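Chains as they are written, first to last, in our numbering: chain E, 1 to 202; chain U, 1 to 283; chain Y, 1 to 229; chain L, 1 to 258.
Hints should not be assumed to be uniformly reliable.
One side only, chain L facing chain Y, incomplete, derived with CB under 10 Å [said to hold, decoys possible]:
1) Phe-22
2) Tyr-92
3) Ser-119
4) Ile-238
5) Leu-240
Mimicking BS3-like on lysine-lysine, the simulated pairs with C-alpha atoms at most 27 Å apart in a straight line are [unchecked claim]:
6) U:Lys-151 <-> U:Lys-121
7) U:Lys-41 <-> U:Lys-199
8) E:Lys-30 <-> U:Lys-151
9) L:Lys-217 <-> E:Lys-7
10) U:Lys-41 <-> E:Lys-162
11) L:Lys-31 <-> Y:Lys-225
12) L:Lys-153 <-> Y:Lys-156
13) U:Lys-121 <-> U:Lys-79
14) L:Lys-153 <-> Y:Lys-223
15) U:Lys-151 <-> Y:Lys-225
16) L:Lys-31 <-> Y:Lys-156
17) E:Lys-162 <-> U:Lys-199
18) E:Lys-65 <-> L:Lys-217
19) Y:Lys-156 <-> L:Lys-28
20) E:Lys-65 <-> Y:Lys-223
21) E:Lys-65 <-> L:Lys-114
22) E:Lys-30 <-> U:Lys-169
23) L:Lys-153 <-> E:Lys-7
24) L:Lys-31 <-> Y:Lys-159
25) L:Lys-114 <-> Y:Lys-159
26) L:Lys-91 <-> L:Lys-114
Computed far set for chain L versus chain U, every beta-carbon distance over 12 Å [claimed, not checked]:
27) Leu-21
28) Ala-26
29) Val-32
30) Met-54
31) Pro-95
32) Lys-114
33) Pro-123
34) Met-130
35) Val-132
36) Lys-164
37) Ile-176
38) Asp-199
FYI, nobody ran anything at the bench for these hints, they're computed from the structure. Since we're looking at a predicted model, the values are computed, not measured. Backbone N, C-alpha and C define an ideal beta-carbon position, used for all residues, glycine too.
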Amino acid sequence: MSEIMRKAVVLSFAIPALFIVFSYYTGAVKSEAARLIAWPVTLANFSIILGVATFTRYHLERVTKRTEQWPFNLIAVASFMITFVLALVAKSTYDYVVSNVVIVLQISLMSFISFYNFTLFYRATRVRTAEVGLLLVSAILVMLWMAPVGEAVSPAFPTIGKWINDIPSGGAMRGILIGIAVGIIGLFVRSLIGYERSYVGG
Amino acid sequence: MSPKLSPLNQDRLIFIVYILLIALPSLLVVGLPLPVTSLAKSFHSTIEGVRDRGVVLWVTDQTFGTWVELGSGEIAIYKHLFSLAQRRGIRLVFATTYNADGAVLSASIVQDHIIPGGFAKGLKYGENWVQLGWLPGWEASLRGLVTDIHKVARADYFGTPIEKIPMMKDITSVKDIDLLGHSGYYIDEYGRQWGGLGKPWVVSISATTVAMAKPWFEKGIVTTYLNGQRGCAEYEALTGYRGLATSAMDAQSLGHLLAIAILIVPNALYLARKGLRRSNSTR
Amino acid sequence: MEMTELEIFTQLLTASLIIMVWSFLYRENVFYRIAEHLAIGSFFGYILYMSLKTLYDKTLVPLAATWAPDLVLVTIIGILMWTRLVPKLVWPSRISISVLAGISMAVAVTGAVSGQIIGQIRPMGSWAGQDLMTNVNNIISAVAAFTSLAFFTYTKEHKGVLRVVSRIGRTFIMVCFGAILGTFLMGNLAFSIGQIPSLVTGYGVYVSVAGIILIMADLILSKRKMERS
Amino acid sequence: MIASGRILEVVVLLASLAAMLFSILAAKRGKVPRIRKIACLEALPELVGRAAEMGTAVHFATGMVGLETAEAPIVTAGYAILGHVAELCGKYKVPIRYTAVFGYNIPIGRDLIKTGYTSGGHPELYRDDMVVYAGDHQQPYSAAIMGYIMREKPAANMMFGGIKYETMNTLGAGAIAGCMQAAGTPRLYYQPFLVAACDYAMIGDELFAAAALVRRKPEELGGILGQDIIKMIALGLIVLAIALITAGSDLFLRLTRI
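One chain only, chain E, in its complex shape (with noise of 0.2 Å):
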């Protein structure tokens, strides 16, 4: 990066974060704050086309040079321009589609979590350390208390797992967040004097 781009991207960078930042904490110039705040969304959906040109470009490429996969690719391309073309002329077909394939395919695809987190289970936790078995033990007691089975073998489970996770966890949690939000404010101030420039590529 030139030395002039470095410093471009450095204040088009501190500038509106300075303002939001005095904004904030003197109460001054609020609305002006609150409309900038709501620029970033707009922005990433200004960056969808970025993402049009490359999704439909990587697929087309393959789906034409007929590499190995190419079908798959074929059916990526044309579902996408189906359903794209369906919301703008067919409303109700395009509700048909969200409704019975969009939605269903984004809650099956979510399930492997619940599969997955068997398999994690079985395969990760051994118990080699003293740590690991205080791991498992404030697990199991906490699903005890989590889920009604608990409570139906022992009212004792629901005390246990609330306690386990409302006092030694939950304030384990706590140093855990501050420590974060130290991070936070770091790499903040590290991106006001340039040092951090990874969100434009370096």
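Since chain E is already given, all that's left is putting chains U, Y and L on it; use the hints.
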């Protein structure tokens, strides 16, 4: 699990056992008991406690992903809120800040459950309730909702400018709101913007987040919360608007038991084998 | 109750999509690949439509109605992002992304100080209150917070007192992680539990049975192949 | 001048700024602090090396959290690690695949990877399609990564940044495919899973520290010392708050009233 099985087949066995376990309650009724916790009770009574003609701001920040867990509880909450609007003139402001899914889901609850169920009888859109739709910006919008609603929502879900909605004339910021509420997966963003406003704030939140919600929940930053699908089931029992959450509870219990078994059994076997080896060697 | 053809089709479609996706649990296969690319395409169509609709409703329509300098500016900065499509033109999009990052990070840092530092310290309870149990809990909670924060220091070597403190912190962090694993489960299980009714009721049963038969067939075939080789 | 209830916040922020700047300047003048090792960061060359041995690729993802949210710092730290891994890949001549989920991730990813390969000494290995776009939504994103991992079986799978639900799916698939996995996030919810599923994991705020460490400049190391000073301030505040409340004073609560 037999050590003869390859790791891949061990995984497959776990998957099959799990699928069979959660399918079991759909095929025959198991009927494990469901005690109602004080959390759900206070959630119910906090909503009941809103003053007559009071204003409730409810942010539906669900995604299609959280919908499986919290959806049926959300429907019960909407029904409860609308019934309060009918009985006591409470006014409802619905919004979404996280992503577009929430606005779609919120609109579909009103379309598919509230209006056909007769919960909106005698109520008028724009006077008793308003749907602001998706206000992109998440945390920024959350801040906007309690500082200046008219700035953050220039129009409602249906494109009507906010100045033309009668009930929004005297609802501009948090001082006009009596109860804050949100449902979804996250809490930190809400706590940062809503914590310390001094208004009651209720949350219907994924059980996953509950461990995280604790710091916000202590000392009354969050007034009370529904603990995931289980909380929803309890709330459904309290309101009488039963749905999917209630029927999922048996499967949840069986799934949790399987998880506990998977945590304990291999470790117990391992320790027993180790103990056996040790006693053999000492002999 | 008589079902319409559309309802039957919907049941079959839903169950097939679920089985296609879940077949990945058995192994990566053609059906999953179809579902994967269908998901990528249809979701992208859905998201693109939603994003453009939001841009139109919340930025362009208000812009056309009233003169709002902030909306003009954000539109310009947003369009600058598209210059990246011209291979040699790099700098305008970098400016846009810097603005984007600057605003978000400022929101993050103010939130971190108020919510995550002050907000987490503020609720610390008294050690000498009325109730003995509460006092003990407050002490445990405070020790947990103190030691787990001390664990995350990088410049002092963990020796002497700090070694003990960070060791205690590590223990509390483990308890905390266990509790998170425990609370995670209900939300995670909800996904698959919510899908089961589509698979075991109505016409979904046929699809499930077909899926099971296919997997059995594949198991037998692959076993034969292994034996032969 | 200062909004009510924010006085202590301003004090904390200014003290933090001062601590950061002070230690960065001190480091520039030669007082470089010693930093304890972060195991996960040290292991990244091993992972890339394994990919080189096996002749496969390295997969990288920065997660579903966007730069437009208030979690932008987390994503930025993830980008910094991506730059570092790209450099390692350039050094070991290993192809990298970065699955992008937001439109703006594409230019960022391409720039980072290109710069990384250049400083790793093999700019000719860079190709534009190392960055694959999966379309702005969590589920296709995780589906694309899972499919890729199962089909191509990369030797190393890395996920650093603002990761969410999708990570559990992809790490689960990676475990079955036998990838070596490294991941890290400051997002608390997911850290237990990373610890359980990965060979190497960054927990707490280690990702932020790692993002500064990868540049190996004295002033960046000074920044880490600055962060430690801020943590000391926070520890002091904890003690102060507890002492005040135990003594029956509500001064701390009044100072922080919002």
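Asp-199 (chain L) and chain U, when compared Cβ to Cβ, separated by more than 12 Å: Label holds. Min Cβ-Cβ 16 Å, cutoff 12 Å.
Hinted pair Lys-91 (chain L) and Lys-114 (chain L), Cα distance within 27 Å: holds (13 Å)
Hinted pair Lys-114 (chain L) and Lys-159 (chain Y), Cα distance within 27 Å: Since the Cα atoms of Lys-114 (chain L) and Lys-159 (chain Y) sit roughly 42 Å apart, the hinted pair is violated (cutoff 27 Å).
Chain Y contact restraint for Leu-240 (chain L) - C-beta distance below 10 Å: This interface hint holds because 9 Å falls under the 10 Å limit.
Holds or violated: Lys-30 (chain E) to Lys-169 (chain U), with C-alpha atoms at most 27 Å apart: holds (21 Å)
Distance restraint between Lys-65 (chain E) and Lys-114 (chain L), which requires alpha-carbon spacing of 27 Å or less: holds (25 Å)
Pair hint outcome, Lys-31 (chain L) versus Lys-156 (chain Y) [Cα-Cα no greater than 27 Å]: holds (14 Å)
Hint consistency between Lys-41 (chain U) and Lys-199 (chain U) [alpha-carbon to alpha-carbon, up to 27 Å]: Distance of about 19 Å is within 27 Å: holds.
Non-interface claim for Val-132 (chain L) versus chain U (Cβ beyond 12 Å): holds (22 Å)
Interface-negative label, Ala-26 (chain L) against chain U, beta-carbon threshold 12 Å: Consistent with the label, Ala-26 (chain L) stays out of reach of chain U, its closest Cβ about 32 Å off (over 12 Å).
Lys-151 (chain U) paired with Lys-121 (chain U) [C-alpha distance capped at 27 Å]: At roughly 31 Å apart (the allowed maximum being 27 Å), Lys-121 (chain U) and Lys-151 (chain U) break the hint.
Lys-114 (chain L) and chain U, when compared Cβ to Cβ, separated by more than 12 Å: holds (31 Å)
Hint violations for this structure: numbers 1, 2, 3, 6, 11, 12, 15, 18, 20, 23, 25, 36 and 37, all remaining hints satisfied.
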